[in-house]
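2 protein chains.
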Amino acid sequence: MLFDVFGTLVDWRGSVHAGLTAFGAAHGISADWLGITDAWRGAYKPAMNAVRTGALPWTNLDELHKGALLELLPKFGVPALGDAQIDELVRLWHQLTPWPDSVAGLNALKSQVVIGSLSNGHVALQVALAKHTKFPWDMIFGADMFGHYKPDVEVYLGACRFLGLPPAEVMLAASHNEDLAAARALGLQTGFIARPREFGTPDERARPSQDWEVVADSVLDLAGKL
Amino acid sequence: MLFDVFGTLVDWRGSVHAGLTAFGAAHGISADWLGITDAWRGAYKPAMNAVRTGALPWTNLDELHKGALLELLPKFGVPALGDAQIDELVRLWHQLTPWPDSVAGLNALKSQVVIGSLSNGHVALQVALAKHTKFPWDMIFGADMFGHYKPDVEVYLGACRFLGLPPAEVMLAASHNEDLAAARALGLQTGFIARPREFGTPDERARPSQDWEVVADSVLDLAGKL
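Protein chains in written order, with the numbering used here: chain A, 2 to 227; chain C, 2 to 227.
Chain A on its own, in the form it takes in the complex:
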């Protein structure tokens, strides 16, 4: 049982917004921190796509986050920050807060199946995040193990290969339809977890776009339905 992490298990938006706000308060900087949070996450796919198409060599999420932040901050009128401050902000993505059901749900599943992450975060980020959240992973699969980002096929098939399992014996759980669609196309089973608050106001992204094998509204709900 593999899990997407950002959005599916952790509230990146609330956590990064809170972290940026606290940083601003500590340094006497006011800015539209929620706008910066959304713009920062908005830079995620184009940056990963530059890696996926080969326009950029392999670049991990910390490096992509740092590059995006350095471009964003001046646009939002934030004064220049030092390297240590930038690194502190990049590390907000290592300290995200789980949704309330995530840890209990993973523990419930762990007693029955092998549970692993399958995230675009690199191993170091995910190890730090699991320490912070207490996610009880049996295995962490990071994008740097494959040199590819989801939805590249290498990520899904690479994890199945490491597990020694055919795709049909692996389920991906995610709150993002496109992640599940890529997994299903390769023969994995799919579990949709609705996270209507991921992007703030709920929209159609929080609804299943296909007849996924399981549709749940929390990890606990998913565990119960399996």
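Please note that a few of the clues may not be correct.
Repeated chains share a single entry, so a pair holds when one copy, or any two copies, can fit it.
What the hints assert, rightly or not - Straight-line distance between alpha carbons at most 25 Å, and here's what the computed DSS-like set of lysine-lysine pairs gives:
| no. | residue 1 | residue 2 |
| --- | --- | --- |
| 1 | K46 | K67 |
| 2 | K226 | K132 |
| 3 | K111 | K226 |
| 4 | K135 | K76 |
| 5 | K111 | K135 |
| 6 | K46 | K76 |
| 7 | K132 | K111 |
| 8 | K226 | K76 |
| 9 | K67 | K132 |
No wet-lab data here; the hints were simulated from the structure.
Fit chain C to the given chain A structure using the hints.
Below, chain C without anything else, positioned relative to chain A:
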């Protein structure tokens, strides 16, 4: 904090011997199961070296164990076994018993540092073994992540790279001097854990051959000395 697994954390000899003996009893086969255990483990380094030198393409430990067992059994007068029985025996290496201090020691360390395996076992074997033993890994590093076996440098440096840490900030703990020597040559810190019963009768292999940064007689002892 990275750990070797076979011998350092688990009693492979006692476990495999017990598993083979039980198999023999269940199928009415008597044989020198302890001799088979030692010969099986003895085939480990030559087989891995064939991979390390390129004489064999990448081959995981299950496959190496299977090949070695098929060669060994006739020599010990064991009648031909079916594929399912061979696979059952190969999987004994997924179900090894920890030394009495291993789980408590790892839990003590986990509260203070990141703990990971660094084993010649592949990911699937190690995931199964961690389920069986309840090793609370933050991260599993398997030989198949690197396409190399220890003591190839790719394994030690690859784990440091995945962790985002310079070698000097990583310690390898192992009961084998040659594993620690390879790690030290690359700048990692080293912790020796004496396992005098690993090979049956204690011999010089159970004594430190260099001034390792820490010398301990259990994982709990190591945790206390750090």
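Status of the hints after comparison with the structure:
1. Taking the shortest Cα distances, K46 and K67 sit within 25 Å of each other inside one copy (14 Å), while across copies they are farther apart (44 Å).
2. In this assembly of identical chains, K226 and K132 lie within 25 Å of each other by CA distance solely across copies; the values are 23 Å between and 28 Å within a copy.
3. Proximity of K111 and K226 under a CA criterion of 25 Å is satisfied intra-copy only: 15 Å inside one chain copy versus 32 Å between copies.
4. Proximity of K135 to K76 under the C-alpha cut-off of 25 Å is found in neither arrangement, the shortest distances being 36 Å within a copy and 49 Å between copies.
5. In the homo-oligomer, the alpha carbons of K111 and K135 lie at most 25 Å apart both inside one protomer (13 Å) and across protomers (11 Å), since each shortest distance falls under that limit.
6. Within a single copy, K46 and K76 get their C-alpha atoms as close as 19 Å, which meets the 25 Å cut-off; across copies the closest is 59 Å, which misses it.
7. Taking the closest pair of Cα atoms, K132 and K111 come within 25 Å of each other both inside a single copy (17 Å) and across two copies (9 Å).
8. In this assembly of identical chains, the alpha carbons of K226 and K76 never lie at most 25 Å apart, being 46 Å within a copy and 51 Å across copies at closest.
9. Within a single copy, K67 and K132 get their C-alpha atoms as close as 22 Å, which meets the 25 Å cut-off; across copies the closest is 37 Å, which misses it.
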